[in-house]
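K.L.:
One line per chain: the protein sequences are E and R, in this order. The letter at position 204 of the first sequence is residue 204 when you use my numbering, and the numbering goes up by one with no holes. The letter at position 205 of the second sequence is residue 205 when you use my numbering, and the numbering goes up by one with no holes.
Just so you know, these hints were derived from the structure itself, not from any lab.
What follows is a set of in silico ranges between Cβ atoms, one per label pair, in the way DEER data are often shown:
1. E:Gly233 to R:Tyr66: 24 to 34 Å
2. R:Leu164 to E:Arg160: 23 to 33 Å
3. E:Ala238 to R:Phe80: 38 to 48 Å
4. R:Arg174 to E:Val125: 13 to 23 Å
5. R:Met92 to E:Leu256: 50 to 60 Å
The structure presented is a predicted model; accordingly, all values stated were derived computationally and were not measured. Note that CB positions come from ideal geometry on N, CA and C, so glycine has one too.
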Amino acid sequence: MTISFPRASALLPLLLFLYGGEARAQDTSDVKPLRLTLVSAVTLGTVIPVHIYQQNAWWQGPRAPFRFENDWAYALNVDKLGHMYAGFLLSRMFRYSLEWSGFSEHTSTFYGSVLGLSYQMYVEVEDGFHRVYGFSPGDAFFNMMGATIPLAQWTFPVLRNFTLKYSYWPSTGYRDELKAGQAKAFLDDYQGTTVWLAVDPHFMMGEKVSSAVPPWLGLAFGVGARDLNESGGGRRQATLALDFNFSRIETESSVLHAVFTLVDFVHLPAPGIRLDGNRVLFGVFYP
Amino acid sequence: MRATRRTLIGPVCAAYLLLVLPRLCTAGSVSDAPPPQDSLRQFGLLFDVQAAPHYSSPSSYADGGYTVSLGFGLNFSPVFQMTIQIYTGREMIPRGTAKPVDGWLPVGGASLEGTFFFATGTPVRPYAAAGYGLYTISGGDGYNGGGLSLEAGAEWDFSRFVSLRFGGKYDVIRYHDPTGEASQAVGFQPFTLRAAGAAVRMAFYPDLLP
Numbered sequence: 001m002t003i004s005f006p007r008a009s010a011l012l013p014l015l016l017f018l019y020g021g022e023a024r025a026q027d028t029s030d031v032k033p034l035r036l037t038l039v040s041a042v043t044l045g046t047v048i049p050v051h052i053y054q055q056n057a058w059w060q061g062p063r064a065p066f067r068f069e070n071d072w073a074y075a076l077n078v079d080k081l082g083h084m085y086a087g088f089l090l091s092r093m094f095r096y097s098l099e100w101s102g103f104s105e106h107t108s109t110f111y112g113s114v115l116g117l118s119y120q121m122y123v124e125v126e127d128g129f130h131r132v133y134g135f136s137p138g139d140a141f142f143n144m145m146g147a148t149i150p151l152a153q154w155t156f157p158v159l160r161n162f163t164l165k166y167s168y169w170p171s172t173g174y175r176d177e178l179k180a181g182q183a184k185a186f187l188d189d190y191q192g193t194t195v196w197l198a199v200d201p202h203f204m205m206g207e208k209v210s211s212a213v214p215p216w217l218g219l220a221f222g223v224g225a226r227d228l229n230e231s232g233g234g235r236r237q238a239t240l241a242l243d244f245n246f247s248r249i250e251t252e253s254s255v256l257h258a259v260f261t262l263v264d265f266v267h268l269p270a271p272g273i274r275l276d277g278n279r280v281l282f283g284v285f286y287p
Numbered sequence: 001m002r003a004t005r006r007t008l009i010g011p012v013c014a015a016y017l018l019l020v021l022p023r024l025c026t027a028g029s030v031s032d033a034p035p036p037q038d039s040l041r042q043f044g045l046l047f048d049v050q051a052a053p054h055y056s057s058p059s060s061y062a063d064g065g066y067t068v069s070l071g072f073g074l075n076f077s078p079v080f081q082m083t084i085q086i087y088t089g090r091e092m093i094p095r096g097t098a099k100p101v102d103g104w105l106p107v108g109g110a111s112l113e114g115t116f117f118f119a120t121g122t123p124v125r126p127y128a129a130a131g132y133g134l135y136t137i138s139g140g141d142g143y144n145g146g147g148l149s150l151e152a153g154a155e156w157d158f159s160r161f162v163s164l165r166f167g168g169k170y171d172v173i174r175y176h177d178p179t180g181e182a183s184q185a186v187g188f189q190p191f192t193l194r195a196a197g198a199a200v201r202m203a204f205y206p207d208l209l210p
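The shape of chain R in the complex, shown without the other chains (with noise of 0.2 Å):
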């Protein structure tokens, strides 16, 4: 039952974060912020910093964790950007699972993220993104992994060249052994982590190409 609901509070974040969030954002109260800055949302240079807590399915090995990530990209419109993110961070592996290790293990990675913004023209964004990544549990020799991640939510432009950007997350990436030395010792199995969570994105916008 524990698990039941365990597994069902990701899901149901993750939902809240898709489907609610975005509309309370843009159901008003934003009357003061500045005014959109579409010509600065067009063709050009942004960098972001990212934190992003997630809990995990139990069944996929992991409790939860969360990254941090730097990215950088580039505006192509007002509606599509595309970034790269370097992330590091911490998983926690639950011990008497068929992991050889335990504990919160270092996690690192990047990944190539596309977004799409529902709306131009106003300071709330609704915004969709998608990503594949690459990405290492360490202990032992380490697990790779290779995956999806999806987020949506609302980025909400406050300053000239400086956004903020709440959303949701939920990432499926599938991890194997790479040198097959731990799934000879404890017949550890290639794995999927199935993840959901609150991303919090900060990005600027810093007018910059020549």
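The shape of chain E in the complex, shown without the other chains (with noise of 0.2 Å):
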């Protein structure tokens, strides 16, 4: 069963609120109410549980009045690309979850980028009141950054040959922690992540060349650090690697598909040429 998105619309406050009265009559979307409401419910869940454990790892302790605090030096910037990853990757999965519910892939672009950075924010503006951390000016940068990319996909395609990935493997600090029952939120493990930009290249090759490269075969470049301390050292790591994008793969499958597409948020162990600190590494790299 569908019925006309403005009735549709009352299931999600929030979307009637930002909804511009003009725009409706131009929007094509075929709003499915029950998979909205799956939506709203399985967000809804996530968020809940989301903010809770975040209250356990991060937001302990006394709170203190609203405050901002620059942090552009911590963990040697990998953190701004890391939130950037961040507000890209939710504004992508609000995205997929209001299509499926029947909005126009328009509707679902900008309503998933509004969605995304909301969230962001909101984790900044708790961390606002934190005693330690402060609303960080920069993390709202890149927040505001990687949440827009799916809008600036949306209005030059080019850049859709363009992706942010993330790959992570818990780092020696970070598993001591574990052990002593201290560690915080592995999102805070710098020292174990990359964050990544790949690049399907199909698009700068000739007809002759591109035909000739498998269509799931891209590079990657990917920025990390490792060595982190609290004074603000620690050494940078640079890689250039080979990337899958499977969602290139053509399938017939849906499952199949949303499989490929959840995949691509992660760079997968590939060989590469690794820049780390004053050595040229050459392997399969992750992360």
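With the hints in hand, could you dock these two chains into one complex?
P.N.:
This is the structure we're talking about:
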């Protein structure tokens, strides 16, 4: 059963509030209320436990008056890239959920970014009340950049050949903290994190070369930091590696397509060249 | 005398930017600019990036500094838009002042800003903007503040999606010591930072509303 967008939007008051009256007439959405309800329930069912998890992992202790804290140098900036990735990931996930609920691609992209950015900013505002963290304008900058990437890709289709990916392996320090029962959120373990800019290079190749290279094969450039210490020191890593774009594999199965799409948020182990401090390394790298 | 001159520079620059620049911008030499895109300046999303160097009155403990901000918001009509700005930057706190820390200290903040345009259908539109924000100067435990910013200038629509804005800006921000520790240590009192400067903003109107 399907109903028109204006009626269905009543199920999600936020969307109704955000939606411009004039634009509604042009919308091609064909919203499925059951799916939209399911998406709303799953979203709430995820946001609330994640909030509780963050409350325990990050926001414990006495709260302080709201304040800002510039932390541009933290984790050699890898945390900023992490914020960009998180904004991008959330916006995309919201977009897919809305699209599955029957909203048009354009509407889903727009509200996906709005919801992704809203969630990221809520986390940042909560940090603002923490005695140590504070609201980081740098984090907010990168949240905004990440969350608006899908909008930019909508406006400029050539950008759809680029995407952000993530790889993670718990660092020794984090594993030690886990054993000692002191570990916080793994998302803060930047020594085990690499954020990748992946590109599908086929759009730059001629037809002849493009047809010779498998459509799922791409390139990725990753940035990470290791041996971080309290005084802001550490070692940067930059990696250029092959990358796998599973969503370029054509399939009739919608389940398989969904799996491919999800896997494409992660950079899998692949051969490459890595600049690690002053050393140059060749190998199969992960993360 | 030097302090007087320094105190005067900011307001004079601000007055120039407020009163003279908009007239210069609308006086001509814009005939080659693309036609106005009124349809894209109606209701719609906008993003912007802004840089604003400023000069602070010495009586307010700072010499000057700069901010960079990213913003996003909505055009409600061709004559009104609102944005949320996230700021980062640096403020020069000279040595020998009452502050327990000095040097180029990090500044951060966020504000809600509204802009009124005084013309529609022209490539260059004079504007006036006002905002209220929350800010922090880092150092020690940091100094929290809140205050008003006023801005005026002209915005030039030089392409379908992009516009450039030049303006003069005046901020009045009241800071306080959140923990009281700094106040106790050095007798530091809450202070008001008055800063005048310029603002350059590039805005993107991507026409993305579904």
